[in-house]
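S.K.: Sequence:
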Amino acid sequence: MKLPPMKLPPIRRLLALLLLGGVLHSGPMVQAVAAANTTDDTAPPVLLAQNFNDAIDPSAYLVSEKLDGVRALWDGTTLRFRSGRIIPAPDWFIANFPAHPLDGELWMGRRKFDRLSAAVRRDSPRDAEWRQISYQVFEWPQAPGTFSERIAALQVSVARANLGWLQLVPQVRIANRQALQARLQQVVRAGGEGLMLHRADALWQTGRTDALLKLKPQLDAEAKVIAHLPGKGKYQGLCGALLVESPDGQRFRLGSGMSDAQRRAPPPVGSIVTYRYRDRTPNGLPRFASFMRVRAPE
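The numbers in my numbering rise by one with no breaks, and the one at position 74 of the sequence shown is 83.
Calculated directly from the structure, the hints in this document are not laboratory data.
Source: prediction; values computed, not measured.
Some clues are possibly wrong.
Computed beta-carbon distance windows for the label pairs [what the hints assert, rightly or not]:
no., residue 1, residue 2, range
1, Ser280, Gly242, 42 to 52 angstroms
2, Gln271, Ala137, 36 to 46 angstroms
3, Ala104, Phe297, 44 to 54 angstroms
4, Ala137, Arg260, 14 to 24 angstroms
5, Phe297, Lys243, 30 to 40 angstroms
6, Asp63, Ala274, 22 to 32 angstroms
7, Gly279, Ser299, 19 to 29 angstroms
8, Gln190, Arg260, 28 to 38 angstroms
9, Arg186, Asp269, 35 to 45 angstroms
Each residue gets a CB set at the ideal place from its N, CA and C atoms; glycine is no exception.
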């Protein structure tokens, strides 16, 4: 039976033709191109989020839950950390992934980041752990079209792969700031971290831009541990606080957020830690900063 011609906008028509032609799934040409990059540990360029602010109109964005996972990039044959290092995933996990690039997060569920981080960094992957992990996809790197169009094409590609652990992160429209805050509270009450907002009309790009925003009840950032400051009172003999330095050279203390075990064996000097804070002072220092976790090496 002859199918009628597709009445799609030019960009969507191009994406549909790529899908129907098999270009986006395993094929010798695509595999050869991807394999040429397999040994390259250079950090691939990615889109990074800015913080949401009240001057932004959320109706221009597609909104999704901010997953507390490990960023992972698929180049057609190889799964990599953001640093470019290969993720030692089991063969069965990636065997039938699409042959086109994907960007997303490895995820085990809410409030399971530490377990996930340990699992995906083992040199010898454990099937029992990886059976609990999914690859939550939210971007098609280097594809043409707007973000809305790339998501539409990803829906087709992910459905074709038909893998329970390969999933597309749901994207929804939000009408206004009031609805955005209601959605944020709903996600946080359920144990989520916050929200991500991706401008619906944005072409694929890299770097930190307002095309991608994050919204959390509290902000977070990273800093390097400079020293361990001695504790007083009930923390006598333990680490009372971490002296840390932000990427822009600001130094400050992280005195809350650490468990007793972490105070007995604090993050080593030189390690990178993630901290929460409410906002910043006029001098750029974080207000109400508290320790969250050590960033695992990639």
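S.K.: All hints, please: hold or fail.
M.R.: Checked hints:
A beta carbon spacing of about 26 angstroms between serine 280 and glycine 242 contradicts the range 42 to 52 angstroms that was offered as a hint. The hinted range of 36 to 46 angstroms is not satisfied by glutamine 271 and alanine 137, whose Cβ atoms lie roughly 27 angstroms apart. A C-beta distance of roughly 46 angstroms is found between alanine 104 and phenylalanine 297, which places it inside the suggested range of 44 to 54 angstroms. A hinted range of 14 to 24 angstroms is violated for the C-beta pair alanine 137 and arginine 260, which are about 43 angstroms apart.
At roughly 21 angstroms, the beta carbons of phenylalanine 297 and lysine 243 sit outside the given window of 30 to 40 angstroms. Evaluation of the 22 to 32 angstroms hint for aspartate 63 and alanine 274 yields a failure: the beta carbon distance comes to about 41 angstroms. The given range of 19 to 29 angstroms is respected by glycine 279 and serine 299, whose C-beta atoms sit roughly 21 angstroms from each other. Taking the beta carbon of each, glutamine 190 and arginine 260 are about 34 angstroms apart, inside 28 to 38 angstroms as hinted.
Against the hinted window of 35 to 45 angstroms, the Cβ-Cβ separation of arginine 186 and aspartate 269 comes to about 40 angstroms, which satisfies the hint.
Of the numbered hints given earlier, the model fails hints 1, 2, 4, 5 and 6; all others are met.
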